[in-house]
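So the sequence lines, in the order shown, correspond to chains A and B.
Residue 28 in this note's numbering sits at position 28 of the first sequence, and the numbers go up by one each step.
Residue 66 in this note's numbering sits at position 66 of the second sequence, and the numbers go up by one each step.
Relax, there's no trap hidden among the hints.
Ranges of calculated distance between the beta carbons of each label pair, as one might list FRET restraints:
| # | chain 1 | residue 1 | chain 2 | residue 2 | range |
| --- | --- | --- | --- | --- | --- |
| 1 | B | Glu87 | A | Arg13 | 17 to 23 Å |
| 2 | A | Gly8 | B | Arg67 | 17 to 23 Å |
| 3 | A | His140 | B | Gln157 | 38 to 44 Å |
Chain A regions said to be covered by chain B (calculated; three or more residues, Cβ under 8 Å):
| # | segment |
| --- | --- |
| 4 | 8-21 |
| 5 | 112-123 |
| 6 | 133-144 |
| 7 | 182-192 |
Partial chain B-side listing against chain A, Cβ under 10 Å, derived:
| # | residue |
| --- | --- |
| 8 | Leu2 |
| 9 | Ala3 |
| 10 | Arg5 |
| 11 | Asp40 |
| 12 | Lys72 |
| 13 | Lys94 |
| 14 | Ala97 |
| 15 | Ser122 |
| 16 | Gly168 |
| 17 | Asn197 |
| 18 | Asp222 |
| 19 | Ala223 |
| 20 | Glu255 |
| 21 | Gln256 |
| 22 | Gly257 |
The set of hints was computed from the structure by calculation and includes no laboratory data.
Ideal Cβ positions, reconstructed from N, Cα and C, are used throughout, including at glycine.
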Amino acid sequence: MIAIVDYGMGNLRSVEKACERAGMDVFLTDDCAMVEQADAVILPGVGAFKRAMENLRVRGLIPSLEKVVQDGRPFLGICLGLQLLFDGSEESFGQGLVPGLGLIPGRVRRFPPGLKVPQMGWNQIDAVRRDPLMMGVPDHSYMYFVHSYFADPSDDSCILTTTDYGISFTSSAAVGNLYGIQYHPEKSSRMGMTILRNFGAIVDDYISSH
Amino acid sequence: MLAKRIIPCLDVKDGRVVKGTNFVELRDAGDPVELAAEYDRSGADEVVFLDISASREGRSTLLEMVRRTAEKVFIPFTVGGGIGSVEDIRAIVKAGADKISVNTAAVKRPQLVSEGAERFGSQCIVVAIDARRVQGENRWLVYTHGGSQATELDAVQWAKQVETLGAGEILLTSMDGDGTKDGYDNALNSAVAEAVNIPVIASGGAGKLEHFRDAFLDGQADAALAASLFHFKELTVKQVKDYLLAEGIAIRPAEQGGRI
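Can you build the whole structure from these sequences, using the hints too?
In structure tokens, the structure reads:
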């Protein structure tokens, strides 16, 4: 079973339905024990970084998420869920860094002035390195984005794809079985569905080898 | 690079798709959820539902339609028509819509835009503007109630105001062009696109391939919407996208849709 973490950051109905369509066995939960027992975790979310961290903290979910990642269980952060994986965000103006989960080194930055923010619409993902998550997704495929901030890893080796929005930013990242994608696979039609199916296959592989 | 978007629009009444010409005559034509899923497969970038139900029964049918759409359609979709309060927005977003569009209610009470943006984020709030050209002049007035009532609002000024209030996008319909197939009003589109820093969706008047190119090049629109043209298959989404790609415009190829 794959836990979709429901922590009050947006409507997860589309994510749940898309995962089901991709053949995944998913359930929505905000319960620590359920997350810790899951074979894999999906962390979606839209909205403010600071509030998201606070919502995870009050539900006691942070140690559970850390445990899943430390065990090497497959983990997929989507949109804000990708950004939360990093050390922190520059989201709160002038108040320094808002701490994140710190599972991937780097920080989350705002798009520079002059760009339309949020980036909203279809943009291309350009392959940096191969990974099972991207199987069957042609280089330069279009995915659906809605975001004002982007992740800036301090170690480039985690970058799977980049996207050009005036600046080039990390649109997919991976460290082992820990994945994060900035775009919305549940809104990216057939290409997004391919990525979800690939994550499902990664989870199946993990289950059969443990 | 961010792609220009092609957006089919479905006019919905009491849970069924209809299509009017110049906002008056209606002709029944099918299940909106199935049609939206078909547009997803054919490579559309988004779908807009415009609900024209007046009755309370029609509204509850709409919420059920939104829920079914969220299960079967894997591109973003917007729901507009008859949304008058933050509570209306909440119900539609909770049912699974990505965005809502407001029109008459925003003119009556502009705070609805800021309240909606604060609660659900600007990316969720589309303001639909129905504009008609003042005869012989290069300015346009805003119309409400499905285009039937004139206001004193200047369309470009109103667009700037709703951007300030937190609108994430403007769905700009030319009342003069709507249903004519004579092309989008690109003087209107570019006047608004130059005045605001949020995406503008051109609407009203699409009749042939060149009209889409012109909306992007002359009208500076970020997206182009069409209803009857796609609905009656006079052009397919794929034909439009293949043409625009050949014209060198950044477009997500129709083949990236397809059976899911």
